[in-house]
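Protein chains: 2
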Amino acid sequence: MIVLSSPSGAGKTTLTRKMLAENSDMAMSVSATTRKPRKGEQDGVDYYFVSTSEFEAMIADDQFLEYAKVFDNYYGTPIGPVEEALQSGKDVVFDIDWQGAQQLTQAAGGDLVKIFILPPSKVELERRLKTRAQDSDDVIAKRMAKSENEISHWTEYDYVIVNDDVETSMEQLRAMVTAERLARKRQLWLGPFVKALVQGG
Amino acid sequence: MIVLSSPSGAGKTTLTRKMLAENSDMAMSVSATTRKPRKGEQDGVDYYFVSTSEFEAMIADDQFLEYAKVFDNYYGTPIGPVEEALQSGKDVVFDIDWQGAQQLTQAAGGDLVKIFILPPSKVELERRLKTRAQDSDDVIAKRMAKSENEISHWTEYDYVIVNDDVETSMEQLRAMVTAERLARKRQLWLGPFVKALVQGG
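In the order they appear, the protein sequences are chains A and B.
First residue of the first sequence: 0, per numbering that gives the first Met the number 0; consecutive thereafter.
First residue of the second sequence: 0, per numbering that gives the first Met the number 0; consecutive thereafter.
Any given hint might turn out to be false.
To be clear about the criterion: a stretch of chain A counts as covered by chain B if any three or more of its residues have a C-beta under 8 Å from a C-beta of chain B, and this derived list gives those stretches [to be verified]:
(1) 113-121
(2) 150-159
(3) 162-173
(4) 187-196
Quick list of in silico lysine-lysine cross-link-like pairs, DSBU-like style, CA-CA up to 30 Å [what the hints assert, rightly or not]:
(5) A:Lys184 to B:Lys184
(6) B:Lys145 to A:Lys184
(7) A:Lys89 to B:Lys184
(8) B:Lys141 to B:Lys35
(9) A:Lys145 to B:Lys194
(10) A:Lys194 to B:Lys129
(11) B:Lys121 to A:Lys194
(12) A:Lys194 to B:Lys141
(13) A:Lys145 to A:Lys35
(14) B:Lys68 to B:Lys38
(15) A:Lys194 to B:Lys145
(16) B:Lys121 to A:Lys184
(17) A:Lys129 to B:Lys194
(18) A:Lys121 to B:Lys194
(19) B:Lys17 to A:Lys184
(20) A:Lys35 to A:Lys129
(21) A:Lys184 to B:Lys89
(22) B:Lys184 to A:Lys121
(23) B:Lys184 to A:Lys145
(24) A:Lys141 to B:Lys194
(25) B:Lys68 to A:Lys194
(26) A:Lys17 to B:Lys184
(27) B:Lys68 to B:Lys145
(28) A:Lys68 to B:Lys194
(29) A:Lys145 to A:Lys129
(30) B:Lys17 to B:Lys68
Since the hints were derived computationally from the structure, they do not count as laboratory data.
Since the model is a prediction, treat every value here as computed from it, not as a measurement.
Built from N, CA and C at the ideal position, the CB exists for glycine as well.
Working from the sequences, and respecting the hints, build out all of it.
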């Protein structure tokens with residue numbers, strides 16, 4: 000399981016999509032939310048868009064790996080699709096904030112790789128936030144404050160990428176995925192392999 | 000600090016040399032040994048070739064990060080050059096066996112990345128060992144036994160590479176180095192960077 004967190008506007012969504020496109024053995028965890036779809040967002044792809052009462056029923060039914068309320072809206076990770084993807088041997092990618100990452104760490108135990116993506120500068124972060132023209136000034140100001148709060152949790156992550164150039168960041172992300180897959184504890188086939196190596200074969 | 004261990008004949012030396020050639024910011028830790036130089040080996044490059052009494056004087060003077068006796072010969076890592084390289088900001092690469100890796104782990108504390116390199120099969124391992132024509136059958140048999148002993152310590156390492164194809168293994172090694180350098184705990188400049196990011200700049 001791979002967690003990607005970042006302040007809004009650091010370029011996380013672009014990096015996540017590129018990584019998914021390159022890796023057929025990865026699945027995106029689609030979050031559920033009670034916020035309204037933005038233009039172009041598809042139900043079941045970008046989010047599962049549900050009503051507040053549906054969301055609260057799912058909470059009551061223990062259907063979330065993690066959830067939180069942000070700006071009057073709920074966001075959460077439904078357990079079902081994640082378990083399915085893991086059981087089919089895929090790595091599951093989570094695009095969640097620090098609160099979600101903390102809850103997931105507790106729920107998932109050890110086998111979680113947490114990556115934090117930072118913008119190259121505050122000026123660039125503000126520029127990127129303002130480019131999302133569809134949001135009001137008020138929402139941008141709120142999101143800027145949330146960004147700073149999110150950034151303050153960078154020390155809870157395994158890796159940090161400063162996303163100045165998308166291609167460089169992609170190379171770094173690829174290296175992290177390749178390396179983590181070669182971690183001894185994740186190569187479960189090695190036990191029998193080493194046994195055969197010593198006994199001959 | 001990066002430790003590479005493997006049974007003799009798994010291709011570690013080739014991989015280590017290629018990695019060093021690609022990274023000007025890496026330095027090889029040159030071991031001291033009391034064994035005789037093989038054809039082509041240079042003092043101070045492949046090993047520091049010293050006498051048994053010199054080696055034992057260095058032990059008495061606490062000049063080794065780790066040392067061990069293998070087949071009647073001493074092998075050890077002198078502290079001085081390692082400290083110098085680290086202070087000049089270089090990563091130091093250690094080509095040492097499991098005993099050395101264990102001692103180094105104790106001496107160095109946490110900041111050590113340990114990589115184990117395995118041969119693709121026992122047949123290939125034997126073939127590679129026998130190709131070193133300059134060794135006698137007796138030495139080959141001894142080394143084969145030592146290989147199995149070395150292999151049995153693979154679980155003490157962070158990463159495992161099965162070295163079937165040198166280019167693939169090199170890509171894996173590069174990914175490990177890139178990823179480990181992006182580990183949050185190693186990016187010491189990030190603290191001030193994040194502070195500037197939040198305060199503006």
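Hints and how they fare:
no.: 1; hint: 113-121; in the structure: holds (count 5)
no.: 2; hint: 150-159; in the structure: holds (count 8)
no.: 3; hint: 162-173; in the structure: holds (count 3)
no.: 4; hint: 187-196; in the structure: holds (count 5)
no.: 5; hint: A:Lys184 to B:Lys184; in the structure: holds (20 Å)
no.: 6; hint: B:Lys145 to A:Lys184; in the structure: holds (24 Å)
no.: 7; hint: A:Lys89 to B:Lys184; in the structure: holds (28 Å)
no.: 8; hint: B:Lys141 to B:Lys35; in the structure: holds (17 Å)
no.: 9; hint: A:Lys145 to B:Lys194; in the structure: holds (16 Å)
no.: 10; hint: A:Lys194 to B:Lys129; in the structure: holds (22 Å)
no.: 11; hint: B:Lys121 to A:Lys194; in the structure: holds (10 Å)
no.: 12; hint: A:Lys194 to B:Lys141; in the structure: holds (20 Å)
no.: 13; hint: A:Lys145 to A:Lys35; in the structure: holds (19 Å)
no.: 14; hint: B:Lys68 to B:Lys38; in the structure: holds (22 Å)
no.: 15; hint: A:Lys194 to B:Lys145; in the structure: holds (16 Å)
no.: 16; hint: B:Lys121 to A:Lys184; in the structure: holds (22 Å)
no.: 17; hint: A:Lys129 to B:Lys194; in the structure: holds (22 Å)
no.: 18; hint: A:Lys121 to B:Lys194; in the structure: holds (10 Å)
no.: 19; hint: B:Lys17 to A:Lys184; in the structure: holds (26 Å)
no.: 20; hint: A:Lys35 to A:Lys129; in the structure: holds (20 Å)
no.: 21; hint: A:Lys184 to B:Lys89; in the structure: holds (28 Å)
no.: 22; hint: B:Lys184 to A:Lys121; in the structure: holds (22 Å)
no.: 23; hint: B:Lys184 to A:Lys145; in the structure: holds (24 Å)
no.: 24; hint: A:Lys141 to B:Lys194; in the structure: holds (20 Å)
no.: 25; hint: B:Lys68 to A:Lys194; in the structure: holds (27 Å)
no.: 26; hint: A:Lys17 to B:Lys184; in the structure: holds (26 Å)
no.: 27; hint: B:Lys68 to B:Lys145; in the structure: holds (13 Å)
no.: 28; hint: A:Lys68 to B:Lys194; in the structure: holds (27 Å)
no.: 29; hint: A:Lys145 to A:Lys129; in the structure: holds (14 Å)
no.: 30; hint: B:Lys17 to B:Lys68; in the structure: holds (28 Å)
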